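Spelled out, the chains give:
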Amino acid sequence: MTRKQFRLAFIGGALAVGGLAVGLMLFAFRGSVALFMSPSDIVQQSPAPGARLRIGGLVVNGSSAKTAQSLTFAVTDGTHEVGVVCAGECFAAVPDLFREGQGVVAEGVYDSSHKLMADSLLAKHDERYMPREVVDALKKQGRWQEGQAAK
Amino acid sequence: MIVEAGHFALALALALSLLQAGVPFWGARTGDPTLMRVADGTALGQFFFVGLAFAALAYAHLTSDFSVVNVEENSHSAMPAIYKFSGVWGNHEGSMLLWSTILAAFGALVATTGGALPLRLRADALAVQGLIGAAFLAFILATSDPFARLSPAPFEGRDLNPILQDPGLAIHPPMLYIGYVGFSIVFSFAAAALIEGRIDAAWARFVRPYTLVAWSFLTLGIAMGSYWAYYTLGWGGFWFWDPVENASLMPWLAGTAFLHSVAVMEKRDALKVWTIFLAVLAFSFSLLGTFLVRSGVLTSVHAFANDPKRGLVILGILGAFVAGSLALFAWRAPLLRQGGLFAPISREGALVVNNLFLTTSCATVLIGTLYPLALEQFTGQKISVGAPFFNATCGVLLLATGFLTPFGYSLAWKRGDLLGVAQRLAFALACGVATLVAILAATRGGPVLAPIAAAIAVFVMLGAVSEVAARGFRGRAKVGVALHRLAGLPLSFWGGTLAHFGVGMLMLGLAATGFGSEVIATMKQGQTLTVGPYEITYDGSRTQPGPNYQEVVADLRVTQDGARVTTLSPARRNFGARKMSTTQAGIATLWLGQLYLSINDLAPDGTLPVRLYWKPLVTLIWLGAVAMALGGALSLTDRRLRIGAPVRARSSREAAPA
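Taken in order, these protein sequences are the chains called A and B.
Counting the first sequence from 1 gives a position; the numbering used here is that position plus 668.
Counting the second sequence from 1 gives a position; the numbering used here is that position plus 5.
None of these hints come from the bench; they were simulated from the model.
Computed from a predicted model, the values in this text were never measured in an experiment.
Coverage of chain A stretches by chain B, computed from C-beta distances (three or more under 8 Å per stretch; other residues unrestricted):
id, stretch
1, 682–695
2, 763–777
Computed list of chain A residues with no C-beta within reach of chain B, every gap over 10 Å:
id, residue
3, Val711
4, Gln712
5, Gln713
6, Pro715
7, Ala716
8, Gly718
9, Val728
10, Gly730
11, Ser731
12, Ser732
13, Ala733
14, Ala742
15, Thr747
16, Val753
17, Ser780
18, Ser781
Glycine included, every Cβ here is placed at the ideal spot set by N, Cα and C.
So that you can see chain A by itself, here it is in the shape it has in the complex (with noise of 0.2 Å):
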């Protein structure tokens, strides 16, 4: 085998294996990427129902319930609030330090009651540190102040 042929079966081999690698990608792509939206966006563009959805905000104080087998809640961007119900999956996963009046981001399918299906949740890791999705959300509402919880 000559220099020339063993380059030629190597980059074949990397475009083969690349080539898988992109058609993968591209199949993955359609079902699991999520659009982020503030409760103000969903409201303002609603969204189609079965659309995958990410939404930050403020747990709305007041408006968490919780039964034996799902928890619903509302997030706020202060302006806006939509309704999140998160059983099932999400339900078996609900942060410890999800609380209300704190960040949450949670991701699901908007379906047509006009509320997020949630199937996980991602509350705030230390009292200083805010999802960023949650800040850009509030300070687009202009109820964020600098300095106010994230240093």
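With chain A fixed as given, assemble chain B onto it according to the hints.
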């Protein structure tokens, strides 16, 4: 006083690292051995002073000196000593200091163990290592001073984040950092080889031990982090495709590829340019990981409150080293003498395929992690890429890599015989297919990939065993002869075999997650639930105080067909200082599976909300990783790999390949 001494030591270390970067490099260019030898002394000195700074910070934490901002923000006088100590790196400043300490330690390791290395190579490598050290020490001193004082000093600290008050913090970050930062040595040697424009099989022999150390620790560190998340986050997940986890997986994938390609270089003097490229890549991913974790650009469970300016500085360091090394690579790589050629069907060819798959899966992780960031920068649209994406891309590619592993491992160097290998692996392959058929027949629904992964896992494990058998019983040897032969096989062969067996164990553990069962319920006292093959009865709960928390412990009895198996005692801990609660899951390891039980706060009516999981074979995930790391350690002890040791300890024909 000790704290100020620590600060001063850090500044001295920076000065020494600058010397280490400059003097030996100049010596290597002018051919002055005295200047080149400066590298050793400065590397040792840098390690001494960084270590001193680290010790000073640890002292401040252990003695709860709340006049130090870092201690005040992350410690509490009532904390157990082990968490006071591990709290040293449970924050941004301290973890960067740990990073630099380990970096300097690796430099010192080369200075002390590298006596057999060519002087010029050692000088250049240590100079590059010194440059990395200088960049990070300057970063710490300029933006993340761990020794800043607070006046007046408060009486009590704000406590360490309760999630971090766990033995996991004592183990996971140091191991992970030894892995991450260990690749800096490989990077430094690659840069030194490029500067000299010369690289050969001896180079591969020099870097292999450091690579094995870094790789083994990285493997353990990732596994440890995953087990920590598993038992602490309270819902039995062990891998979340969180950006920060991806940041540790990427160097691991690139490092694993490097470990394999460096073997080709050592044995066959081939794939030189590619190996150098992987060395640069592995450490670049380590730096990228540091940037992703420390800059706060990503929303992640690992993010600390952070100052965006620091992110910019780390991005600068990352950019400078990656761009610098790639430019060096582009400029100097053509000078490297071309390596040897080999037939496509051979051990070398198989390792090239391994490399292609590992780097491609690494690329998919990179794209999945950075694409959302790039999209937001350029279009303002925010998306998140979740686990399904990574499972369908990286997961599938790694499954394919696993499937190819036994074939590659059984092929001979130079020119292999695929048919012979297929015959050798026929038994393992048949067992794999039988597993697939059995699972498909026994279960309905479930994840698509799980049965396939289980089948490949069985194939990989038995493939490793077949290879051992084939080595021993070659030519229909008798048992006595075979055992004698096996005893004569080099340790690096056993290390490789154990590591590959570990890959199979890991895959089997992952596959088995598709076949567990879970129950989410609220239990009354005396009530019994069934999960998997076990019944669980709630006996009651009690409140007890801990050192710096109050906890509610629930007692649940586990029985199987009426016979008592064990008791689970999950707990909820309430930390007063931060007004936070954490969950301590109750876990019982039964055979290789685990019964996992986590609870929430008691309901007002006294009922207990529980999440119960039966996870068959789940421990294999971590045991597999441990087997891989042990395999790395076993290879490391191989006499033939030791620099300065006689090149060939045994000359029997059986002992030659590894």
